[in-house]
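Sequences and hints are given; from them, build the entire structure.
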Amino acid sequence: MNKRHNCDKTCWNCPAAILKGNVDFRACGQSKEEIKKKVEENPNLNMVIECARRPELGHFEPNITFEQCPEWIETKYGYMLKEMRVMILGIDGYLGWPLALKLSKLGFKVAGVDNYWRRDMVMEKGSHTAVPIQRMTQRLQSAKEILGTNIEFRKIDIRTELDKLREFMEEFKPESIVHYAEIPSAPYSMVDCNHALKVQDNNTLGSLGVLFAMKDIVPESSMVKLGTMGEYGAPLTGRPIFEGMFPADAVLQWDGREWSMGGEMTPRNPGSFYHVGKVQDTYNVYEACRYWWLRSYDIMQGVIYGVHTKEMAEDKRLRTRFDFDEWFGTVINRFVAQAVLGIPLTIYGKGEQIRGFIGLEDAMQCMIRLIISPPEPGQYDVVNQVSAVYRIVDLAEAVAEVGKEFGIDVKIQRLENPRVEPDKHPMEVVSKKLEGEFGLDPKIRLKEEVRRMFKVLTNPEVKKRLEEKKHVVLPKTRWNGDKLEMDKLDEYEPGTKKFKLELKQQLDTIHGNDKELKGIKENGN
Amino acid sequence: MEISDKEFNEVITSKEPVLVMFWGSWCPVCKRSEVLLREIAEDINYEIKKMNIDRNPRATAKCNILGSPTFILFKEGKEIKRAIGAQSKNQILAMFEND
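These protein sequence lines map, in sequence, to chains A and B. Under the numbering used here, the first residue of the first sequence carries the number 96, and numbering increases by one thereafter. Under the numbering used here, the first residue of the second sequence carries the number 5, and numbering increases by one thereafter.
All the given hints hold, so there is nothing to weed out.
Mimicking DSSO-like on lysine-lysine, the simulated pairs with C-alpha atoms at most 27 angstroms apart in a straight line are:
1) K54/B - K528/A
2) K66/B - K19/B
3) K527/A - K35/B
None of these hints come from the bench; they were simulated from the model. Quick caveat: nothing in here was measured; it's all calculated off a predicted structure.
This is the structure we're talking about:
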């Protein structure tokens with residue numbers, strides 16, 4: 096895909112286009128009499144708008160393309176709105192911080208909020224980030240010194256301090272809002288009632304408040320929201336996991352009749368109270384776009400892994416957090432941490448659960464491409480942000496293999512599964528939009544990123560921090576509410592057990608179907 | 005495939021049947037239907053067009069659009085058939101039958 100994937104987008108996609116008062120949006124069937132009347136009264140009625148950035152244009156037809164407009168400049172990711180104002184909710188987190196650095200370096204004006212809950216909740220678990228990170232005020236200062244960036248920040252809780260968020264939004268006037276401010280942990284939501292309530296309250300109701308604020312203050316901005324592939328679950332039928340909604344050629348047949356399912360939401364089967372909250376979020380965002388003409392991309396993100404972005408590699412002070420505890424560590428990151436600690440890698444059951452994955456820097460590239468190619472008024476769209484699908488057991492084998500390169504003799508252990516999920520299931524994930532419509536060019540290779548993680552975690556300062564919290568690595572949070580370590584079922588040397596791939600494991604992309612992945616190939620794909 | 009108020013009358017007065025899908029940017033069904041329409045357009049000899057409801061108030065008002073997407077088959081300026089909501093490939097092709 097060439098770098099100008101969004102060159103033909105027009106004012107209809109641009110957050111600077113002032114539609115209110117100019118464009119009379121109506122869902123069909125409502126007020127068609129009003130439209131008829133307006134048209135009858137004014138035979139020369141043309142659709143015109145104004146531009147917040149170019150008031151000298153006055154009223155004009157909104158057909159200027161990004162390529163034609165001097166406010167949109169060409170970059171390696173596509174056309175970007177000059178000094179586009181992006182607000183990141185959850186800027187202190189694993190993803191928020193690297194995104195803030197990347198966007199600032201690219202010339203975006205970046206502001207962010209955080210309530211520091213991630214730091215608090217990891218501490219609650221008795222853990223800390225393996226990679227030491229600075230306090231926010233220091234991080235901002237370091238970013239300024241090293242990268243020349245100027246990021247605005249306020250400590251705000253989006254759920255309980257909505258008035259402060261609104262104030263910040265009034266002042267900053269974001270043209271895009273990246274919403275990362277949710278508690279991103281399935282096990283955390285399953286600890287007990289209080290934890291479940293906290294997760295759903297913060298995540299679902301917090302997001303709802305943000306939607307109202309967007310409607311009132313910046314209705315022409317767009318929300319790029321982090322959802323999760325976990326919303327979909329893993330259908331035992333092996334039905335493809337489409338991108339949020341059925342394609343138009345998906346047909347329901349019943350009773351000798353047929354109906355197109357095109358555009359209808361696909362079934363969701365969340366696997367924890369955290370995932371249930373994300374499904375609720377999806378419907379809130381979908382409805383807000385419908386009622387208020389808001390715009391949103393809902394990103395069903397695969398399991399994220401990695402430590403590297405170009406900006407963070409400039410200096411240790413710019414690194415993002417690395418969690419390895421059972422609540423906040425993601426599986427590949429945890430495997431590498433376990434290997435360095437000499438703990439046999441923990442797979443649940445036979446480890447034949449299949450999930451979608453994406454490396455950190457690829458996830459950042461996705462975000463940039465979505466931010467610079469905003470949806471149209473009222474448009475809600477979903478992307479599956481996945482660059483590969485793997486079985487957990489194959490990932491453990493891959494990590495063990497890379498561990499050998501560092502002189503680490505890694506073993507694998509099978510534990511009783513704390514979750515309620517099928518031991519074995521097919522999975523076919525459709526992920527075509529990011530490459531097909533937004534020009535994503537995935538660069539991260541699994542084994543290469545695992546190697547980077549080993550390099551970081553075997554550094555003496557980082558390894559010491561891992562060892563200080565070794566006791567929080569093994570899982571204890573069971574879906575049934577018990578707090579007991581899982582029974583060990585087995586322990587073995589990598590490469591000594593073969594788990595034949597019996598069910599479909601497939602990723603459908605614009606390049607075709609990556610069928611029947613037999614383990615992880617040499618180049619790490 | 006996209007037409008506007010300006011060329012609407014010329015398009016629908018064609019002697020050959022032409023299918024117009026009326027769509028909105030807020031309509032997820034419409035986006036997915038567009039993909040299907042492009043596929044169908046490659047297989048049949050008739051014209052398929054689409055028109056944004058919000059940006060083209062005259063045609064939208066004239067055609068009494070009640071839901072989205074709305075598919076209308078026109079011929080020589082007259083409405084021949086209409087379907088509202090997502091349509092399967094078979095259902096769209098069936099609109100051209102007997103024409």
